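One line per chain: the protein sequences are A and B, in this order.
Numbering of the first sequence is given in the numbering used here, commencing with residue 9 and proceeding in unit increments.
Numbering of the second sequence is given in the numbering used here, commencing with residue 5 and proceeding in unit increments.
Simulated from the structure, these hints should not be mistaken for lab results.
Treat the hints with care, as some may be off.
As the list claims (entries may be wrong) - Some chain A residues near chain B, calculated using beta-carbon distances under 10 Å: (1) Arg-22; (2) Glu-23; (3) Leu-26; (4) Leu-28; (5) Pro-35; (6) Thr-63; (7) Glu-161; (8) Tyr-166.
Unchecked claim - Label-pair ranges, simulated between beta-carbon atoms: (9) Phe-237/B x Asp-17/A: 51 to 57 Å; (10) Asp-269/B x Gln-188/A: 55 to 61 Å; (11) Asp-137/B x Tyr-14/A: 30 to 36 Å; (12) Lys-286/B x Thr-13/A: 38 to 44 Å; (13) Ala-158/B x Leu-102/A: 30 to 36 Å; (14) Ala-210/B x Arg-78/A: 36 to 42 Å; (15) Trp-157/A x Val-251/B: 53 to 59 Å; (16) Phe-237/B x Leu-159/A: 36 to 42 Å; (17) Glu-169/B x Arg-78/A: 53 to 59 Å.
Treat the numbers as computed from the prediction; the structure is a model and nothing was measured.
Where is the CB? At the ideal position from N, CA and C, for every residue including glycine.
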Amino acid sequence: MIYPTYTPDEARDRETFLALMWALSYPGRIHDIGGAAHTHDTFSAIGAALLDLETSFFTPDKTLADELLRSGARHLPASEAAYHFYPALDGAALASITQANIGTMLRPDEGATLIIGCAFASGSTFSLAGPGIQTTQEIRLGGIPARFWGLRERAIRYPLGWDVYLIDHGHVIGLPRTTQVG
Amino acid sequence: MTLSELTNERQGYSFGYLDAYAKRELRRRALKAIAIPGYQVPYASRELPIARGWGTGGLQVTLALVGPDSIVKVIDQGADDSVNAANLRRFIKRMSGASTTTDTLRATILQSRHRIPEEIMQEGQVLVLQVPDPEPLRRVQPDISKAAQLHADADYGQMWLGLYEQLVRFKQYVQGADYPSLVHGRYIMNPSPIPRWDTPKLHQAAHLTLLSAGREKRMYAVPPYTNVQPLEFDDVPFQIEDQTGRVCKTTGAANKFMNELPQDDGSATFELSDSGYAEKLKNDLAPGATYFDEQGNFYHDGYLKPPVRPA
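Bound conformation, chain A alone:
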């Protein structure tokens, strides 16, 4: 039997999506984004898997913005964009995150998705709990300023809030709005 071709693009988008899906389903566990060796490649792969002309993004990184624009997605201000890409969290990035959309009570799914570069297995240890975690899950994260967690706590008034993917090279950790970080 001849099956429709599983093209390299198709494979990359599907495997990236599956990594994001499992990362969000089991928060705190590290999942691999297939074939992406560097953080920038991972950002590109996520952009290719999720963005098209029906959605929008924000990133302070001009090179990445040029690349993501090729998907057809609109480059909008931080307050309006559905997907935020932050290769690193500096003061300007944190200022943008304060404006990220948290959705409405009628449409909490309009809350933004934040994709943030950081370093796993270094820095502070956090204990996670919530859906997707049987008891608790420990993670170590570097490159995330303490102020970020305060912003997250203020933004999330469940079901309102934004969801986060943390990226280190070709690896991803998901932090949906339901996850409590201690």
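Chain B: place on chain A using the hints.
Quick look at chain B alone, frame taken from chain A:
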């Protein structure tokens, strides 16, 4: 570099039947559904070569997930061999090159109409449930816009009132399949028309459950290890269907969900509803652990309470 290197070979169908835009949209929506357990995320719901109402919601989700490395099981009321399940399975295979199975524990994607298998699903498995009506509030609020506002306000008073009225009139909860359940303490969802027997299996499950209604264009999810609580009053607990005394005529299994087979003399015999599990028992293949053991005890101790009839 030549033009042929830059383009894909022309083909009759996109991989997984759906085009790239449809799959991306489904995937974006699925991620938000997982992030907000039980919340109904709207999506576009494309046309498929089967009629709406025949599993198009579940099929679209499966097509967005499936790849050549997937192992797909499709069941309809527990049976792998019903016409609907067999055709969906064949279509998914033809559009993706995925392999298929009837073994619950081998499947990476399990699409189901109206049942959750008896064997305990594991981490890394996805259960895709076909949903005819995603709106649990339809019984008390037929206006979908007003129902959305009730969800937004977590205003479920009318649902509780309906439950109370059932107790007053019938001294028990009379909702059969599709029993409304509270997910992660926030949203009431319809768990699709699975029997009450299956509803507790969603609670703190190791697997991911995606529920999708193609006709109604709504998708929602129960992530792994998430609380799912069927609606009940503190003093009158939720009850599953009583399978006591029902023994499968071909395998001898007991305390599993049974199909009732009426006989000419007015009596009834029973057989396992889960055909994949029955197949293992018939062929002496060791089945996996089941949600309900041979004595009928649920695998989460204390989750199901003994029946109480109000005075």
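Are there hints from earlier that the structure breaks, and if so, what are their numbers? Going through the list in order, the structure violates hint 7 alone and respects the others.
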